[in-house]
Amino acid sequence: EAGVAQSPRYKIIEKRQSVAFWCNPISGHATLYWYQQILGQGPKLLIQFQNNGVVDDSQLPKDRFSAERLKGVDSTLKIQPAKLEDSAVYLCASSLVPAVIMNTEAFFGQGTRLTVV
Amino acid sequence: SQQGEEDPQALSIQEGENATMNCSYKTSINNLQWYRQNSGRGLVHLILIRSNEREKHSGRLRVTLDTSKKSSSLLITASRAADTASYFCATEQYINNDMRFGAGTRLTVKP
Chain H
87 EAGVAQSPRY KIIEKRQSVA FWCNPISGHA TLYWYQQILG QGPKLLIQFQ NNGVVDDSQL
147 PKDRFSAERL KGVDSTLKIQ PAKLEDSAVY LCASSLVPAV IMNTEAFFGQ GTRLTVV
Chain L
126 SQQGEEDPQA LSIQEGENAT MNCSYKTSIN NLQWYRQNSG RGLVHLILIR SNEREKHSGR
186 LRVTLDTSKK SSSLLITASR AADTASYFCA TEQYINNDMR FGAGTRLTVK P
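The listed protein sequences correspond, in order, to chains H and L.
The numbering used here applies: residue 87 is where the first sequence begins, and numbers increase by one.
The numbering used here applies: residue 126 is where the second sequence begins, and numbers increase by one.
These are computed hints drawn from the structure, not numbers from a lab.
Keep in mind the model is a prediction, meaning the values are calculated, not measured.
Don't be surprised by glycine CBs; every beta carbon is placed ideally from N, CA and C.
Honestly, I wouldn't trust all of these hints.
What the hints assert, rightly or not - Computed list of lysine-lysine pairs in DSSO-like fashion (alpha-carbon distance at most 27 Å, straight line):
no.	chain 1	residue 1	chain 2	residue 2
1	H	Lys-164	H	Lys-101
2	H	Lys-164	H	Lys-130
3	H	Lys-101	H	Lys-157
4	H	Lys-148	L	Lys-151
5	H	Lys-97	H	Lys-148
6	H	Lys-164	L	Lys-181
7	H	Lys-157	L	Lys-194
8	L	Lys-195	L	Lys-235
9	H	Lys-97	L	Lys-195
10	H	Lys-130	H	Lys-148
11	L	Lys-181	L	Lys-194
12	H	Lys-97	H	Lys-130
Unchecked claim - Reference excerpt, derived from the structure (chain L facing chain H, CB under 7 Å, subset only):
no.	residue
13	Pro-133
14	Ala-135
15	Leu-136
16	Ser-137
17	His-170
18	Arg-179
19	Phe-213
20	Asp-223
21	Phe-226
22	Ala-228
23	Gly-229
Stated by the list, open to error - Pulled from the structure, derived: some chain L residues nowhere near chain H, Cβ distances all over 12 Å:
no.	residue
24	Glu-130
25	Lys-151
26	Gln-158
27	Arg-166
28	Ser-193
29	Arg-205
30	Ala-206
31	Ser-211
32	Glu-217
33	Asn-221
34	Asn-222
35	Arg-225
36	Gly-227
37	Arg-231
38	Val-234
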């Protein structure tokens with residue numbers, strides 16, 4: 087079974103530039119998460135999708151961050167314009183359904199390491 | 126905001142010893158999960174415990190959950206150098222099923 091695919095693996099941009107990350111979840115997984123992990127900290131949930139609907143985006147800085155999940159499969163996360171404090175690893179994860187329905191785990195991709203200079 | 130808080134932030138032990146990490150959380154949950162993250166890698170799921178369960182085992186892992194105290198513990202027995210990693214608890218919120226992580230415990234197991 088293929089895992090969660092993310093691209094690119096690394097990205098360096100200047101502040102005020104734009105950047106986009108892509109995530110392809112495990113086939114058939116309805117739930118998709120985007121997390122931001124700053125060095126030395128735990129992952130912070132940015133947005134959670136159930137199919138192509140948003141479950142929670144309360145921690146997404148909507149003035150600069152946007153995310154979409156077209157057709158309930160692939161997802162993109164965009165930052166426009168980037169700030170220095172956006173330097174972090176952006177993790178995508180997927181699960182079959184929310185764990186409250188079944189004992190399902192979330193599977194994580196390797197992440198995209200973003201450096202804003 | 127983060128949901129869970131792990132304690133301690135860092136733990137260093139000798140190979141063969143047991144490691145205990147604690148997690149406290151704030152709101153009602155459906156379940157609590159523990160994940161491991163090796164340096165520079167993605168997170169790997171270790172174990173899930175539902176809100177109506179009190180203890181669960183998986184190999185050398187033992188997880189307890191006390192919903193009255195809003196806390197959980199992860200015990201790794203007979204630790205190995207390969208257990209060196211950061212360990213995170215994640216809670217699935219009752220209100221909307223979203224999954225939030227704590228700040229993690231960095232475990233170092235010395236050979």
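Do the hints match the structure? See the list:
| no. | hint | verdict |
| --- | --- | --- |
| 1 | H:Lys-164 - H:Lys-101 | holds, 14 Å |
| 2 | H:Lys-164 - H:Lys-130 | holds, 16 Å |
| 3 | H:Lys-101 - H:Lys-157 | violated, 31 Å |
| 4 | H:Lys-148 - L:Lys-151 | holds, 25 Å |
| 5 | H:Lys-97 - H:Lys-148 | holds, 21 Å |
| 6 | H:Lys-164 - L:Lys-181 | violated, 39 Å |
| 7 | H:Lys-157 - L:Lys-194 | violated, 41 Å |
| 8 | L:Lys-195 - L:Lys-235 | violated, 31 Å |
| 9 | H:Lys-97 - L:Lys-195 | violated, 39 Å |
| 10 | H:Lys-130 - H:Lys-148 | holds, 15 Å |
| 11 | L:Lys-181 - L:Lys-194 | holds, 17 Å |
| 12 | H:Lys-97 - H:Lys-130 | holds, 19 Å |
| 13 | Pro-133 | violated, 14 Å |
| 14 | Ala-135 | violated, 11 Å |
| 15 | Leu-136 | violated, 15 Å |
| 16 | Ser-137 | violated, 16 Å |
| 17 | His-170 | holds, 4 Å |
| 18 | Arg-179 | violated, 16 Å |
| 19 | Phe-213 | holds, 5 Å |
| 20 | Asp-223 | holds, 4 Å |
| 21 | Phe-226 | holds, 4 Å |
| 22 | Ala-228 | holds, 5 Å |
| 23 | Gly-229 | holds, 5 Å |
| 24 | Glu-130 | violated, 9 Å |
| 25 | Lys-151 | holds, 14 Å |
| 26 | Gln-158 | violated, 7 Å |
| 27 | Arg-166 | violated, 7 Å |
| 28 | Ser-193 | holds, 20 Å |
| 29 | Arg-205 | holds, 22 Å |
| 30 | Ala-206 | holds, 22 Å |
| 31 | Ser-211 | violated, 9 Å |
| 32 | Glu-217 | violated, 5 Å |
| 33 | Asn-221 | violated, 5 Å |
| 34 | Asn-222 | violated, 4 Å |
| 35 | Arg-225 | violated, 5 Å |
| 36 | Gly-227 | violated, 5 Å |
| 37 | Arg-231 | violated, 9 Å |
| 38 | Val-234 | holds, 20 Å |
Violation of the numbered hints given earlier is confined to hints 3, 6, 7, 8, 9, 13, 14, 15, 16, 18, 24, 26, 27, 31, 32, 33, 34, 35, 36, 37; the remaining hints are satisfied by the structure.
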